[in-house]
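Read in the UniProt record's numbering, the sequence shown has 96 at position 96, and its numbers run on one by one without any break.
In case anyone wonders, no lab produced these hints; they're calculated from the structure. Incorrect hints may have been included.
To be verified - Computed cross-link-like contacts, DSS-like style, restricted to lysine-lysine with a CA-CA straight-line distance of at most 30 angstroms: (1) 98 with 57; (2) 98 with 54; (3) 21 with 54; (4) 51 with 98.
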Amino acid sequence: MDISVLGWPSIVRPKMVILSKEQLREAATEGLWLPQLERDGCGVGFVVSIKGIKTHKILCEARTMLERMAHRGACACDNDSGDGAGVLTAIPDLMYRKSIKE
């Protein structure tokens, strides 16, 4: 889905903010937080089966959720790396034990 149809650009990149000398003086007494630049960077989503059923569909839905999150609050300096977002799954015990032996 192209999120630009929702009014968001397809790539959201944080912009560097340069403070004037007056703003720096104010920041020294009031702090550096600027409410007009506030963005929610705590994007978290959960996709589960309430019945505990393990299916590939859950992973597909989790991937779709990640793709639809326009902004997660992080960016890489090289513009090629991701922000570390991903899917957390449990490693099946038997598979884990087998890989340790190898």
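Outcome of the hint check:
no. : hint       : in the structure
1   : 98 with 57 : holds (26 angstroms)
2   : 98 with 54 : holds (21 angstroms)
3   : 21 with 54 : violated (57 angstroms)
4   : 51 with 98 : holds (28 angstroms)
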